[in-house]
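A.B. asks: Chain by chain, the residues:
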Amino acid sequence: MPSDANASTLAPSENPGGSPSTEPESATSSRAHGASSSSSSSDADLRELEAGLDRLQSSATDRQPSAWKRITRSVVPPIVVVLLAIAAWQLYIVIANPRPDLSPGPVDVFLALQDAARSGRLLEAIATSLGRGLLGFLIAIAVGTPIGLLLAEVAWIRRAVGPIISGLQVLPSVAWVPAAIIWFGLTDATVYFVVLMGAIPSIVNGLVSGIQHVPPQLRRAGRVLGASGFSLARHVVLPAALPGYLAGLRQGWAFSWRSLMAAEIIAFGGTIGFGLGSMLQQGRDLADLASVLGTIIVILAIGVLLELALFAPIERGVLRRRGLAGAGA
Amino acid sequence: MTAGTATDPAGPVAAGEDPAAAGAPGTGAASAGGDAERTGDDAIRIRGLVKRYDRQGPIVLDGIDLTVAPGEFVCLLGASGCGKSTLLSITAGLEKPTLGTVELPLGPSAVMFQEASLFPWLTARRNVELALKLGGVASRDERRARAQELLASVNLSDAGDQRPHELSGGMRQRVALARALAQDRNVLLMDEPFAALDAITRDLLHEELTHVWRRTGRAIVFVTHNVREAARLGQRVLLMSSRPGRIAQEWNLDAEGVDRSDATQVAAAATEITARLREEIRRNAK
Chain A
136 MPSDANASTL APSENPGGSP STEPESATSS RAHGASSSSS SSDADLRELE
186 AGLDRLQSSA TDRQPSAWKR ITRSVVPPIV VVLLAIAAWQ LYIVIANPRP
236 DLSPGPVDVF LALQDAARSG RLLEAIATSL GRGLLGFLIA IAVGTPIGLL
286 LAEVAWIRRA VGPIISGLQV LPSVAWVPAA IIWFGLTDAT VYFVVLMGAI
336 PSIVNGLVSG IQHVPPQLRR AGRVLGASGF SLARHVVLPA ALPGYLAGLR
386 QGWAFSWRSL MAAEIIAFGG TIGFGLGSML QQGRDLADLA SVLGTIIVIL
436 AIGVLLELAL FAPIERGVLR RRGLAGAGA
Chain B
8 MTAGTATDPA GPVAAGEDPA AAGAPGTGAA SAGGDAERTG DDAIRIRGLV
58 KRYDRQGPIV LDGIDLTVAP GEFVCLLGAS GCGKSTLLSI TAGLEKPTLG
108 TVELPLGPSA VMFQEASLFP WLTARRNVEL ALKLGGVASR DERRARAQEL
158 LASVNLSDAG DQRPHELSGG MRQRVALARA LAQDRNVLLM DEPFAALDAI
208 TRDLLHEELT HVWRRTGRAI VFVTHNVREA ARLGQRVLLM SSRPGRIAQE
258 WNLDAEGVDR SDATQVAAAA TEITARLREE IRRNAK
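Protein sequences appear in the order of chains A and B.
For the first sequence, the working numbering assigns the number 136 to the initial residue and increments by one for each residue that follows.
For the second sequence, the working numbering assigns the number 8 to the initial residue and increments by one for each residue that follows.
Because the hints were derived from the structure by calculation, they are not lab data.
You can take every hint at face value.
Residues from chain A shown here face chain B by an in silico Cβ test under 7 Å; the list is partial:
{"no.": "1", "residue": "Glu185"}
{"no.": "2", "residue": "Gln192"}
{"no.": "3", "residue": "Ser193"}
{"no.": "4", "residue": "Ala362"}
{"no.": "5", "residue": "Pro374"}
Using N, Cα and C, we set each Cβ at its ideal position, and we do this for glycine too.
Start from the sequences, fold in the hints, and give me the full structure.
C.D. replies: In structure tokens:
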């Protein structure tokens, strides 16, 4: 097929006296040739020509918007939306005047949180949950990364274990809570177990897909430069897989945090410390809807803050340095 | 089809004649050629190379014989799918031959591809430094200094701190060239390295590459589908036929006295080669 195509493109100018070059850009190229042959390329001349061309072709170094502009563009819109939502909520309370125990207003929620903060319960809960979430996440990284490397590098293990890992990612990790309570009782081990079961599959999958999406020409370039085995992994494959790995970590954190809340709500009491999930459960027991809603807002806020303050900047930095994301992304 | 074997006598002859015919291309090349003549070694020696990807599959390369002298610039020219890139991959050791032998008596080769394949997470200079590191240059300061020198040698002294995506296509290929030179090998294999560039940039890179070749005296095998490019760069041009890939004809432009810096003479040579190339392509229509 390709040879037929070639033959047909050549056909029009097949007369022997035709243009010598088969490439379409012959006109431009002969002009360029003429120019260069007249100025038969002294080294300094070439240097100047190249410098000029480089300047022409790479003028658009991606311009960073100022920090102020970036903040106003990324932070202001969500804040406006949140304020609007609170205003609408308050408006509903004022107009419909519902039962305060079933539909607390923003003010009630704020007061409930203030109350919890005064008694020290709020800070304790945040510290406990955040500590567990981050520790569990770090353990998940330590466990998931080697598993991911193994799966990415050994094809038969990937074929055997890959689908199971993907399945575990779909399985809600709350499903592990009853088993964990039977195994570990009402201890912190139960909470960590559930967090790990939630986070590890995401991290493994992120790393595996990151490594599998490493462009083959980069591996080939590495091999041609003399890298193999460990040095190829260290200098080429792992750095190239970093964006996928980071995406996996980011998702892994989301799963850690969710699993933690689920575990804290269900596994309550015993030697398990008092976390945000426990605070939710306590609010339910006391039928204190304002406190429950307040806790939900705190859980949400922590998730958003970590995302905005930790993961988003790292990922943006990595992608921008590689020219994979516009500066505004 | 005796076309494949036709290169057999031509190869060694060219190897013997070329350093003289080339009119001593720079000091580096002259000394490299001289050394090798004494030891009688070639840069590349390929004998009876056959490649097919599987037992039933078509023959990609059929009985390729090719000898490249030290410091020689050879262009492999052919239409798409004639197996010229496969031949280069096999020479680079990235693929295995089905039959036949490939020897690189002067040591392994450096390779440059059509896409620059720079590592996007490293700056231009760090890309070159990595090649030095993998090549066994242990001292960090030395790597840095060498990398800067190599970048300067392709007119990129100021671009060292830029990342690949900030560079133009031509600059990226020059960084890739510096990276390939960092390996300090006697043989440089180039697989259509300028095919994706615009004509003006490509023209400058032809000059750049000629300079680098004269200065460093490396043996270069340059794969291309661009007749004019082949005629302009190569001391020898080998035309490959397609399906199966064979060496159909060879032009020893240096021995014929073609001045490759003169556009008119290059165009004349290109006309002749093009006529033969079309003949080869037309053969496939039947």
